[in-house]
Amino acid sequence: MATAGMRRGGTALTLVGLAGLVFVYWMSFFWVSTEINQGVVQRIFYVHVPAAWTSFMAFGFSALASAMYLWLRDDRLDRAALCAAEGGLVFGTIVLTTGPLWGKIAWGTYWTWEPRLTLTLLLWFIFVGYFMVRNSTEDPEKGKRFAAVVAIIGALDIPFIHMSVIWFRSLHPEPVVAKPDGPSLPADMLTTLLTSLAVFTVIFLGLFLYRYALEGLRAEADLRSRSTAT
Amino acid sequence: MRTYIDQIRAIIWKDLVLELRTRERIAAMGAFAVLAAILFNFSIDTTSTRPEDVAAGLIWMTLVFGGLLGVGRTFYLESQDNALLGLLTSPVPKDAIYLAKTLANFALLFIVSVLVLGVFALFFGLDLGANVGGIILVLGLGSLGFVALGTLFAAISTGTTMGETLLPILVFPLLVPMVIYGVTSTGRLIAGRPFDEVEGNVRMLGAFAVAALAAGAMLFRYVVED
Amino acid sequence: MTRLVLEAKGLAREYGPVVAVDDVNLSLGEGEFLTVFGPNGAGKSSLLGMLGGAMRPTRGHVLIRGQRLAYSDVEWRHQVGILSHRGFLYGQLTVEENLRFYGRLFGLTDLDQRIPERLERVGLADRIRFQVRQLSHGMRQRLSLARALLHDPDVILLDEPYTGLDPSAAGVLRGVLAGLRDGRRTVVMVTHNLKEGLELATRVAIQVSGRFAWEGTQADVGGEAFERHYHRVVEGRS
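Chains as they are written, first to last, in my numbering: chain A, 1 to 230; chain B, 1 to 226; chain C, 1 to 238.
What the hints contain is simulated information worked out from the structure, not anything from laboratory work.
It is possible that some hints are incorrect.
[As the list claims (entries may be wrong)] Pairs of lysine to aspartate or glutamate residues, derived as EDC-like cross-links and limited to a Cα-Cα distance of at most 20 Å, are as follows:
hint	chain 1	residue 1	chain 2	residue 2
1	B	K94	B	D6
2	C	K195	C	D220
3	B	K94	C	E75
4	C	K9	C	D23
5	B	K94	A	E141
6	C	K195	C	E160
7	B	K94	C	D73
Every value quoted in this text rests on a predicted model; they were computed, and no experiment measured them.
Build out the structure end to end from the sequences listed, making use of the hints.
Structure, rendered in structure tokens:
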């Protein structure tokens, strides 16, 4: 059956991803050279940047699936949007914890209104709203539609948030340290970053498939308990 | 098309007549605005901060919180006798219902925003000078963007078990761009800078309002569907 | 055989795991008056909601004069009038303002003649300038009926119209509803009140747990016998 296959696929991908993560940790702790200006602390970026990329991708995917759900009304699309949003929230949380850890050492402060960090924070809250709306309606169908609207509006708001926080930032002094992910990244750092990016994407896909299969099973169980009840 | 516009006008007329007779929302928003201005006045230490430096931010915060108070109740006046169902089963397109409700809310919030400006000018001793028109334009565009999102999300939060408490959680993250552009342009205009300097920001406010209106008109039908 | 006006095919509505309406089929011709009985929670209101376009069916569809209704379409709503025990009225607007508001939503242009005429019919002509909150419950219900009939719909849906009315107000409403049996309109009423439901019906259905458990006409089971029959059907199914 499709659901079981998906769950197996999800488990396999997650395991591959976790093994890859061990490798990424090895790379970023032992293999890659230390960045000259920032020192050891810069290594956190091999987690921070891929997590950010993954969470943005997940939120974008969730919004897309939400729009398709409103159009086609296929429950599978809603499930996909839900599972992607969950993944986005998890990886967004990683971004929001690793960012300040790095910021404390590099900038001397836990929080700065760095545009991409700000955008991640706001997106994180938008998707918290997504889950709150979803779980606070009596009719679950209504919750799905409300959540889809929140995801779509959130995605449409991204360009505005992005432009405004960059512009807001330009009013304030530039960061003390230059951003590490400039175009002139040494080869070994680039390799580590790209490997990590791939691994994080695999982990997301694995978790996504697993969650998606689980939601499918739940829907099936609901259907079955209903047909025995009446 | 003529029917469409007349349907919108009928709903706006109905909302404003109801507001005129009950004065529920405008009174709440107006009182809130004045009281907030009084509290804000005591919340700043005038020996270290000049009131005109922080006035723009406080005006916008008053507008956002006061607006929430009024917009959150948009659909309560429909719910007393289940009148919303009467609206939804009539041959009015859902986007027309959304646009009408949003424009009626805009009328209320715009009046309140001018009141807020007046109250802050009075209490904080602001000299608005020649920029008063520009500031009102900025506040108007801000109010429009606010009600465009606020009306859509008021419909959502009214449909949940959490009700109005959910509204700020949903709209505040979305309103950040509007607050950034609105506060900075208002601040500069209060400081007496020429309008040209904030023109880009005002355009962004306008774009935000138009995008929010369009998105709301498209998505409202999925919110009120049953 | 009269022409078919209102049909439902395989109509179903679910709220997540809850099944409110389950595979309901019906076809009503011109002049027919169907009363759907059923205990609380049988799905009567959901059925009416779907027939009136207030709810999107989970499965199945509704047809008016053979035309399949799309939930998102608004044009066919001109042909349907809904009277619920909630009036859809605004307490702070006057009787006339309420009707004028709904008239504009329906794109009616002859409201200056239409409104007094409708108010005359429901016996509220002398209250035209009153605010609705000043009216008694019975008067409000009659005004609501005038609202539902304002655009002259062919299909009329009544959702527990007698709820909360005292006997005399119910009597007045009954008289006005009887006027709906003019051979041209098709009426569906849902109620759990057997006596009121039977009075005007040409056809009768009993809905239990979302499904039509029994269908027939007045003549099949009349008067006292119907009550026993009703309880047998309801208890047999649930």
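Exercise. Which of the listed hints are not met by the structure?
Worked result: none
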